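If you want the building blocks of each chain, they are given just below.
Number of protein chains: 4
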Amino acid sequence: MARNICVVVTARPSYSRIKSALRAIDDHPDLNLQLVVGASALLHRYGDTIDYIERDGFDITARVYMVVEGENPIASAKSTGLGLVELATIMDNLKPDVVITIADRYETLATAVAASYMNLPVAHVQGGEVTGSIDEKVRHAVTKLSNLHFVATQKAAERVQRMGEDPESVFVTGCPSIDLAASIMKNTELDFDPFVKYGGVGSTFDISDGYLVVMQHPVTTEYKEARRQVTETLHAVHESGLPTFWFWPNVDAGSDGTSKGIRIFREQNHTANIHFFRNMSPIDFLRLIYNSRTVVGNSSVGIRECSFLGVPVVNIGSRQTGRERGSNVVDVESDRTSILAAIRQQVGHGHFPQENIYGDGKAGERIAELLATVPLSFEKRLAY
Amino acid sequence: MARNICVVVTARPSYSRIKSALRAIDDHPDLNLQLVVGASALLHRYGDTIDYIERDGFDITARVYMVVEGENPIASAKSTGLGLVELATIMDNLKPDVVITIADRYETLATAVAASYMNLPVAHVQGGEVTGSIDEKVRHAVTKLSNLHFVATQKAAERVQRMGEDPESVFVTGCPSIDLAASIMKNTELDFDPFVKYGGVGSTFDISDGYLVVMQHPVTTEYKEARRQVTETLHAVHESGLPTFWFWPNVDAGSDGTSKGIRIFREQNHTANIHFFRNMSPIDFLRLIYNSRTVVGNSSVGIRECSFLGVPVVNIGSRQTGRERGSNVVDVESDRTSILAAIRQQVGHGHFPQENIYGDGKAGERIAELLATVPLSFEKRLAY
Amino acid sequence: MARNICVVVTARPSYSRIKSALRAIDDHPDLNLQLVVGASALLHRYGDTIDYIERDGFDITARVYMVVEGENPIASAKSTGLGLVELATIMDNLKPDVVITIADRYETLATAVAASYMNLPVAHVQGGEVTGSIDEKVRHAVTKLSNLHFVATQKAAERVQRMGEDPESVFVTGCPSIDLAASIMKNTELDFDPFVKYGGVGSTFDISDGYLVVMQHPVTTEYKEARRQVTETLHAVHESGLPTFWFWPNVDAGSDGTSKGIRIFREQNHTANIHFFRNMSPIDFLRLIYNSRTVVGNSSVGIRECSFLGVPVVNIGSRQTGRERGSNVVDVESDRTSILAAIRQQVGHGHFPQENIYGDGKAGERIAELLATVPLSFEKRLAY
Amino acid sequence: MARNICVVVTARPSYSRIKSALRAIDDHPDLNLQLVVGASALLHRYGDTIDYIERDGFDITARVYMVVEGENPIASAKSTGLGLVELATIMDNLKPDVVITIADRYETLATAVAASYMNLPVAHVQGGEVTGSIDEKVRHAVTKLSNLHFVATQKAAERVQRMGEDPESVFVTGCPSIDLAASIMKNTELDFDPFVKYGGVGSTFDISDGYLVVMQHPVTTEYKEARRQVTETLHAVHESGLPTFWFWPNVDAGSDGTSKGIRIFREQNHTANIHFFRNMSPIDFLRLIYNSRTVVGNSSVGIRECSFLGVPVVNIGSRQTGRERGSNVVDVESDRTSILAAIRQQVGHGHFPQENIYGDGKAGERIAELLATVPLSFEKRLAY
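Residue numbers (this note's numbering), protein chains in the order written: chain A, 1154 to 1537; chain B, 1154 to 1537; chain C, 1154 to 1537; chain D, 1154 to 1537.
The following block holds chain A by itself, in its conformation from the complex (with noise of 0.2 Å):
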């Protein structure tokens, strides 16, 4: 009987860290997707990720709204709770074989710990990595409640076991993310005009000569500060000249103080060469990175698809310290002296060469060939 695969998918990111997986196990015989979609996935804010993945085929198992709002830390525990707390309904109501968790953001701990006290299998993907902040706390403690580790890396794999996990149980798929932008590199065109397909606000501009893109995030532990740094980074932005399209951030405490920076910005200064959108389709999206001249700013998305693709990234602040990357990142503090200057040293420099630390393209396929057909426990012991 087909094993049912039970899959939560919580924010923007994770969708593209784990699209060519769903899609596997969607194809796979002996594996049965149950897909539920819940948290800031679910909401406009936040770029309306859910109309991108039923656009993209995938039938919704169950909806579960769970972020509760606020501006401070709080709300990111209570969101956590709530989101446990009917997980575990929807779990009991689906009884699946293994509950896959992605990443490390903070909705991810509670789909860990209720699969963990149901007594059910956990794979999680992208364990094993080093980061800053909060992420760097749930990351590990997820993989102290997973059954089934898919890392990235080998690094991730060796940290993984060194944390006592059995090695047995870790597996270097490489990342799903990779598998995209794999994809893509059949024909690397940009394809669609930007402005006329995402609409979003701000100036339009002529981009034949280039641009940049920019995406930063509030690094949760300093949210006070998210204002200042957003600021910081439209400064030398805006001061480059270079045209230049920004994504709005991800829910997380802190996000409405980059928000509100960004709103802020807007209405003292005339940002002629910047416009923001709040989400694209992944492969748009990565056929927009591939075509940029540097991507600027804190995502995890310029350590990992920019190293496959060969984009230039200058990456700001404490938010990827500690991230295996290649020699496409410069890192700089936030500070808009120090990110403009690396922007013209990256823009100047052009593409690198294709780099596989963070996969081959290929993880998806491993991860539900793993699924398939490793044996399943919820049970575990320290190696040690």
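Any given hint could turn out to be false.
Stated by the list, open to error - Pairs of lysine-lysine, DSBU-like flavour, derived with a Cα cap of 30 Å:
#: 1; chain 1: B; residue 1: K1248; chain 2: B; residue 2: K1515
#: 2; chain 1: D; residue 1: K1350; chain 2: A; residue 2: K1377
#: 3; chain 1: C; residue 1: K1248; chain 2: D; residue 2: K1377
Stated by the list, open to error - Take a look, some chain B residues computed to stay more than 10 Å from chain C by CB distance:
#: 4; residue: H1197
#: 5; residue: L1235
#: 6; residue: S1322
#: 7; residue: D1359
#: 8; residue: I1436
Claimed, not checked - Calculated from the model, a selection of chain A residues having no Cβ within reach of chain B, i.e. all distances over 12 Å:
#: 9; residue: I1203
#: 10; residue: R1208
#: 11; residue: R1216
#: 12; residue: E1318
#: 13; residue: P1320
#: 14; residue: D1346
#: 15; residue: P1347
#: 16; residue: G1363
#: 17; residue: A1494
Just so you know, the hints here were simulated from the structure itself, not pulled from any lab data. All values derive from a computational prediction rather than experimental measurement. Using N, Cα and C, we set each Cβ at its ideal position, and we do this for glycine too.
Chain A is fixed; fit chains B, C and D onto it per the hints.
Just chains B, C and D, lined up with the frame of chain A:
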């Protein structure tokens, strides 16, 4: 200014494991105790722990009902979610400087997650141990969320460090539960009549020739087995004919199975040699244990306090697997014949010498002093 | 297209009160039943109602654990809140056309609030009645949230209209619980041995000369009195010496008081004439009632079903105050002497003639037909 | 001993409607104010109401984040459930003698249900009024849960009694919101520059020849229409060319639709005559209203405070249908042509005479005095 130390007590055994530290925190001039009592510690079915806490002279800062009733593990997951939601509100209103979470109960994780997400330093008491069942997942996940580790044994300290925790954050304080055990060594006499002082149900009998004490909890991940397991122990104890004090189990998925097993056995058998209690003051309980001929069941008290007290123990089944133990413990399967044979062997042996595996009786003071003096941070990073 | 009718069943008595309507909805060509089972209907302590539902051949669409354990009214409030959160998610995923809520239990309000806020039409069964205690607040609040009112009696209809409900929205269907009672009139014989078929605990005895049935629930707003009240009834029944079948109470603030009262009485007295059950199939239960010499306690069954069945009733205390009643009911205070005298009087009287106060046995069909045909709206406005 | 009066404030307009009562309770020698602030009153997006509360000198007893984010009515249901869970804990810890709930917001019901189930007397401010939409269900359901009714008008008192409430429990105190309005009559001058003191976004302009004030909330049961409706008003106001201060809407299902409508209109039109604010101190707000030439939208302020202040009002759509109103109000459909015509008519008319429909300015004192002196009970029964 005094540091605010928020401690969340959610069950009878957790209270015993933290009581001496609570006292030391409350007495420390540089610390201010914020005591939150919740979950089964508020419930009559699980021994009215809150009454003992108040009788011990502690002020309760807040109470939170959070046990969702059920007969399977869903209830544990939902209780944790509910606790997480409410503890976040409580911590938001209390503004603690450190949050203490105890051992490895499922609600323990709610405390650790709430504090972590709210950027509060988390101190974990009793990490790094190895046992069976879901506790294993919870304990190590809590370790990964914690900033300070107050462990009971040297081996536990090593495990916590191997999991990637900063050695500077790991302190071998011993377990506060041993402090209580140590406190009765000045006067070990059973200075009360258990039948008179604690009521309970079941037969009354002469204990001048000694008695057994039984504590058997459901093993969460095998909860359907809970009823069968308790029945095996009941048969063995019944057949031994020895006077026996039996304690009802904690709230846990499966505890209804255990309770039901006991009720049905009592309906069907004349259990003339067994008397049932819900709870006892910790000090009375330790004197009762000290003077027993053997402790039977799967409680960690048999492994921890009894090694210090030198009381013979028959430890049944997998619940304590992996825990360091003294020469006072005989391990058996959950099988009435084996249990009965082990009881006879241990009763024949008599007291063992004191062993300090889990502490020397000064853990509470060490913990309070560390809480008052160590640098506090909610940030962390894998040490490799 | 068939209308989706979502019914939320949360307790044993609610199931009896809606069962015939569930059957009629399930059988109706223009209706599609979405059956959600939650709260105490899922719990063993309260009679495993869900097992009876499944045995009756209904498909369960979703289950939701929502009882927060406690010994005071806080738990009722929190259970309702938890239910509200989860029922919203369930309704969001089920997309019902109408939501049915039953009677006046505290969880009933969760269903009505969830549906109201989600702009779904709410149909209330059993509004407009008058009783004591918190039920009074809940019942009428649910009326104000409802768009359709399926009431049991003409007086109830008048009350609902006087409260400002549109007369077009109020239908005197009779109570579906009477449908079940009517169904046994073809064969009223007690065709099973209660001891054999239902086990239970307590003495076994000869019932060929008749027996009593006792159902006594805690009166929520006097929950501290619950233990005293049940003890009075226990003494009266004990002293009567009549063979007695006694049913455990529902989950409610105070039910632990009632349960404890029973347990302690049993420890202290040799209750040779009392046998205790948790639950029975509704049909067996009605035959047991029909053949009893008197029904004792404060259950609404005594007021409602027994008036139709003509069974003598001793109704104790304030719980049913204000409910319309037949000539079969003697009301007494919660006092052992009064209760005993009333039992003797009623046992001496024997059966009464059938009265159709609460329905004629066709409520379920009427409700289903109305659900299939009335215009639906979630809007409403005070009729004056 | 002083009675503990727990008041739960969950939104900006609720605060205005209770502020004078809060002050009178706080000042009363026989009352002790327990002020709980939650829901949108904590959120920046909805005007940082908590800052105003603190600036007014009130001590906050507890804060509770409870708004679940979403774009449809599910979020309202879940927010209420979450609030109910947490308010129960808060009330359990505060032990109030009476709980006050305000008006008819969805969270209002959470307060009333929590208190009712916990056997606490509930006092409802502003019951008995008739409007459209979901508020209608909530308001009257709260009436059925309440033990004391402090209503604004004689007609409201009659409706509450007709619904079956004991006439002894109904008091025509007037609405505390009118107390605030009355307090500015000593000095009605606009003694601050709104642009300077409150920032906000949008154009700056000369207001020496007068200005409009717009407050338009989504009508919950038509939330998909929210965007269309606000756009009609925007067009009318834009076309009028009159200087306009526009307040952002409250949190409510649909408020994102309203917000989005405003944002998109601003992107597409040069709204030179409109300036947007989130919030204002209540007194500044009332002076701004008093000095405006016309208030436009669907806020109850237009119906209530403005009838006392004599300010001309253009009331749009169904939100205030059924509310008693003065001669100062012109009602129009949500249609740009009708709105514009009504604005021109009202601007031409100028101030109206004061009408005391909703109070005479002493409601707060009356409420405090009643809370200190009336007999308290949590029991109730339908008066017919």
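Comparing the hints with the structure gives:
A threshold of 30 Å between alpha carbons decides the hint, and for K1248(B) with K1515(B) the separation of about 28 Å falls inside it, so the pair holds. Pair hint K1350(D) plus K1377(A) holds up; C-alpha atoms about 24 Å apart against a cutoff of 30 Å. Our distance criterion of 30 Å between C-alpha atoms is met by K1248(C) and K1377(D), whose separation comes to about 17 Å. Interface exclusion of H1197(B) from chain C breaks down, the closest Cβ pair being 5 Å apart, not more than 10 Å.
Distance check on L1235(B): its Cβ comes as close as 7 Å (rounded) to a Cβ of chain C, failing to clear the 10 Å threshold; non-interface status is violated. Every C-beta of chain C lies more than 10 Å from that of S1322(B), the closest at about 36 Å, which supports listing it as non-interface. Taking the minimum C-beta to C-beta distance to chain C, about 20 Å, the non-interface status of D1359(B) holds against the 10 Å cut. For I1436(B), the condition that its CB be more than 10 Å from all CB atoms of chain C holds, with the nearest at approximately 25 Å.
Listed as outside the interface, I1203(A) is consistent with that label: its C-beta sits roughly 23 Å from the nearest C-beta of chain B, beyond the 12 Å cut-off. At roughly 31 Å, the least C-beta separation between R1208(A) and chain B is larger than 12 Å, which holds for a residue marked as non-interface. At the 12 Å boundary, the C-beta of R1216(A) stays outside the reach of chain B, the nearest C-beta of that chain being 18 Å off. For E1318(A), the shortest C-beta to C-beta distance to chain B comes to about 10 Å, within the 12 Å cut-off, and the non-interface label is violated.
Listed as a non-interface residue, P1320(A) keeps its Cβ farther than 12 Å from every Cβ of chain B; the least gap is roughly 14 Å. Look at D1346(A): its CB is around 41 Å from the nearest CB on chain B, clear of 12 Å, so calling it non-interface holds up. Distance check for P1347(A) against chain B: the nearest CB is about 35 Å away, which clears 12 Å, and the non-interface claim stands. With a cut of 12 Å on Cβ distances, G1363(A) stays outside the contact zone with chain B, its closest approach being about 37 Å.
A1494(A), annotated as away from the interface, keeps every beta carbon of chain B farther than 12 Å; the closest lies near 28 Å.
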